[in-house]
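Colleague: The lines below spell out each chain.
There are 2 protein chains.
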Amino acid sequence: MTFSVTVLGSSSALPTSSRFPTAHLLNANERFFLIDCGEGTQIQLRKYQIRFSKINHIFISHLHGDHYFGLFGLISSLSLLGRTNDLNIYSHPELEEILNFQLKYYDLGFNLLFHAIQDKFAGLIYEDKQIMVSTFPLKHRVASNGFVFKEKQKEKNLIKDMIPYYHLGIRDILKIKNGDDFIDQNGNVIPNQRLTHPAKEPRSYAFCSDTAYDPTIIEHINGVNILYHESTFAENLAKRAEETGHSTAKQAAQIAHLAEVKKLLLGHFSARYKDLSIFQQEAKEIFSEVENVIEGHTYKIE
Amino acid sequence: MTFSVTVLGSSSALPTSSRFPTAHLLNANERFFLIDCGEGTQIQLRKYQIRFSKINHIFISHLHGDHYFGLFGLISSLSLLGRTNDLNIYSHPELEEILNFQLKYYDLGFNLLFHAIQDKFAGLIYEDKQIMVSTFPLKHRVASNGFVFKEKQKEKNLIKDMIPYYHLGIRDILKIKNGDDFIDQNGNVIPNQRLTHPAKEPRSYAFCSDTAYDPTIIEHINGVNILYHESTFAENLAKRAEETGHSTAKQAAQIAHLAEVKKLLLGHFSARYKDLSIFQQEAKEIFSEVENVIEGHTYKIE
Numbered sequence: 200m201t202f203s204v205t206v207l208g209s210s211s212a213l214p215t216s217s218r219f220p221t222a223h224l225l226n227a228n229e230r231f232f233l234i235d236c237g238e239g240t241q242i243q244l245r246k247y248q249i250r251f252s253k254i255n256h257i258f259i260s261h262l263h264g265d266h267y268f269g270l271f272g273l274i275s276s277l278s279l280l281g282r283t284n285d286l287n288i289y290s291h292p293e294l295e296e297i298l299n300f301q302l303k304y305y306d307l308g309f310n311l312l313f314h315a316i317q318d319k320f321a322g323l324i325y326e327d328k329q330i331m332v333s334t335f336p337l338k339h340r341v342a343s344n345g346f347v348f349k350e351k352q353k354e355k356n357l358i359k360d361m362i363p364y365y366h367l368g369i370r371d372i373l374k375i376k377n378g379d380d381f382i383d384q385n386g387n388v389i390p391n392q393r394l395t396h397p398a399k400e401p402r403s404y405a406f407c408s409d410t411a412y413d414p415t416i417i418e419h420i421n422g423v424n425i426l427y428h429e430s431t432f433a434e435n436l437a438k439r440a441e442e443t444g445h446s447t448a449k450q451a452a453q454i455a456h457l458a459e460v461k462k463l464l465l466g467h468f469s470a471r472y473k474d475l476s477i478f479q480q481e482a483k484e485i486f487s488e489v490e491n492v493i494e495g496h497t498y499k500i501e
Numbered sequence: 200m201t202f203s204v205t206v207l208g209s210s211s212a213l214p215t216s217s218r219f220p221t222a223h224l225l226n227a228n229e230r231f232f233l234i235d236c237g238e239g240t241q242i243q244l245r246k247y248q249i250r251f252s253k254i255n256h257i258f259i260s261h262l263h264g265d266h267y268f269g270l271f272g273l274i275s276s277l278s279l280l281g282r283t284n285d286l287n288i289y290s291h292p293e294l295e296e297i298l299n300f301q302l303k304y305y306d307l308g309f310n311l312l313f314h315a316i317q318d319k320f321a322g323l324i325y326e327d328k329q330i331m332v333s334t335f336p337l338k339h340r341v342a343s344n345g346f347v348f349k350e351k352q353k354e355k356n357l358i359k360d361m362i363p364y365y366h367l368g369i370r371d372i373l374k375i376k377n378g379d380d381f382i383d384q385n386g387n388v389i390p391n392q393r394l395t396h397p398a399k400e401p402r403s404y405a406f407c408s409d410t411a412y413d414p415t416i417i418e419h420i421n422g423v424n425i426l427y428h429e430s431t432f433a434e435n436l437a438k439r440a441e442e443t444g445h446s447t448a449k450q451a452a453q454i455a456h457l458a459e460v461k462k463l464l465l466g467h468f469s470a471r472y473k474d475l476s477i478f479q480q481e482a483k484e485i486f487s488e489v490e491n492v493i494e495g496h497t498y499k500i501e
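Chains as they are written, first to last, in our numbering: chain L, 200 to 501; chain U, 200 to 501.
Fair warning: there could be bad hints in the mix.
If several chains are the same, the list does not tell them apart, and a pair holds so long as it fits within one copy or across any two.
[Unchecked claim] In silico DSS-like cross-links for lysine-lysine, where the CA-CA straight-line distance does not exceed 25 Å:
#1 LYS253 / LYS473
#2 LYS376 / LYS359
#3 LYS319 / LYS303
#4 LYS462 / LYS349
#5 LYS338 / LYS303
#6 LYS246 / LYS473
#7 LYS499 / LYS438
#8 LYS246 / LYS359
#9 LYS376 / LYS461
#10 LYS353 / LYS328
#11 LYS319 / LYS374
Don't read these hints as lab results, they were simulated from the structure.
The following block holds chain L by itself, in its conformation from the complex:
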């Protein structure tokens, strides 16, 4: 199953000539989940040749313009393109009011289903056969939420030769794939690990933006394959980060280290930094598996 994230924007509040505001696109088996939708997201989707129509779920972390001002244009374009499928939006309740107001003159042609995330809520907000999405509060100037996208635990892989050897029936197989031991006709217990290969570990992606340094999020993102954590500032502006509810690259690395994630992606770079190498460099002092995001790049989650 494809499980990857494409970064569409990497700037903080002020876009630059080369950096768009925040938007990430998660591809889980060719179903697309948009995370944040800064101004110009639809333009980036066009640029990277991603079909709008594949997006059915949009998650908005918080209501600062650089994380949702692209929503109106995207929704309006989806409508112009003749969309009829429901579009689900997950965010804080104020966004529903904003959308209703902004779109009151539009006849969209599809349902906009709003799923409110209450302040401080942590828990599951979406699941289907293959993945689960949960949310948790971040620490910012306004209510802000992180998201974790995680594959569901797959069944164990039955070793094929065991079927004739133990005369396994369909029901036995389902139970064994689910982790049960097998009891044969003589009452012998065949332990599950003799019958199966373990399932692949479920992969996971966590998105944390915007947020100040906040170790309380670790329980929610522990061990994820890829953690995206905002790093608006380098260490030279650690004080400014604290004042504005943002993080430095080093703080993001510290979170990645404590949460024992596999890989860290940094983004949401302040416009004042032309050369971004300092972010990766400072983070590396604490956590080696780190990259600055590059717009248009797709990161495989594996």
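The hints should help you fit chain U onto chain L, whose structure is shown.
Modeller: Chain U only, in chain L's frame:
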């Protein structure tokens, strides 16, 4: 005096990988007037290295998203950049309501002065020492207005040698520059054209988008140096143009021809056209001085 227009966006409602939605920037002697503000306008301003802070007046033609969805991000960025100067916005009254709603949580740090253009209004909406801006109704699915930016008539140029020859005083000079004849001490009338060179013709720029073909606008744009007229479709989709309140390139050319403008710029191209040469080609059959706009290009008005 600099008098030019920079095109920031040339797409119609659906942006493409290479075309942003509508926004034009008029430079009148280093004072900047923004005309329409589609999504991504601030990104284009950055790209073409135009300082946001120079914009004090924004004119919005109509309330379809591709002409104003960039306003929220631009205003928010102006605020983040520490703006304190008033920002003037000229548009239909509904936009004031939208802006108030959208910005109610923002402490901008500057005044947003809204100047409502009532439905069907035609007349002057702005003037200063150097230029005048007037508006007039277009023909679209919602209230839509065009704008004409025109230099003020300059004073005539006094021929320097005439000052000692006729012993002209300051008051005489001011009157003569204003067009008066001069009466010398013997009562002889010296005609103005003997004393002066004519002033340069005031230059003008007209912006007409979005609109169906509408010859009633000709009186407002007659003889302008540059006419920007939307041409969403080529002739193959003339019927679609009519249905949607848009124009074809040929219709734009017909307006340019009837209004005897000096030069026609075409834009607001539908996303379905990859190759835009058909627009210029079809328009040329009727009006030779025509160009398709190119994003980032600055057109001198002369």
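Colleague: Between LYS319 and LYS374, at a C-alpha cutoff of 25 Å, which is it: within one copy, between copies, both, or neither?
Modeller: neither (39 Å within a copy, 74 Å between copies)
Colleague: When Cα atoms must be at most 25 Å apart, do LYS319 and LYS303 count as within-copy, between-copy, both, or neither?
Modeller: Classified as between: cross-chain Cα gap 23 Å, same-chain 29 Å, threshold 25 Å.
Colleague: Reference check for the pair LYS338 and LYS303, CA-CA at most 25 Å: within, between, both, or neither?
Modeller: This pair counts as between: shortest inter-copy Cα distance 22 Å, intra-copy 32 Å.
Colleague: How do LYS246 and LYS473 come out at 25 Å by Cα distance, when the copy is not named: within, between, both, or neither?
Modeller: both (23 Å within a copy, 14 Å between copies)
Colleague: First find the shortest C-alpha distance between LYS376 and LYS359 inside one copy, then the shortest across copies, and answer within, between, both or neither for a cut-off of 25 Å.
Modeller: within (12 Å within a copy, 101 Å between copies)
Colleague: If the cut is 25 Å between Cα atoms, do LYS246 and LYS359 qualify within a copy, between copies, both or neither?
Modeller: Neither: 46 Å inside a chain and 59 Å across chains, both beyond 25 Å.
Colleague: First find the shortest C-alpha distance between LYS499 and LYS438 inside one copy, then the shortest across copies, and answer within, between, both or neither for a cut-off of 25 Å.
Modeller: Classified as neither; 34 Å inside a copy, 47 Å across copies.
Colleague: Is it within, between, both, or neither for LYS462 and LYS349, if the alpha carbons may be no more than 25 Å apart?
Modeller: within (15 Å within a copy, 58 Å between copies)
Colleague: Should LYS376 paired with LYS461 be assigned to within, between, both, or neither, using CA atoms and 25 Å as the limit?
Modeller: Classified as neither; 27 Å inside a copy, 78 Å across copies.
Colleague: With identical chains treated as interchangeable, where does the CA-CA distance between LYS253 and LYS473 reach 25 Å or less: within a copy, between copies, both, or neither?
Modeller: between (34 Å within a copy, 23 Å between copies)
Colleague: From the Cα coordinates, with 25 Å as the cut-off, is the pair LYS353 and LYS328 best called within, between, both, or neither?
Modeller: Answer is within: at 10 Å inside a copy they meet the 25 Å cutoff, but 74 Å across does not.
When held up to the earlier numbered hints, the structure conflicts with 7, 8, 9, 11 and fits the remainder.
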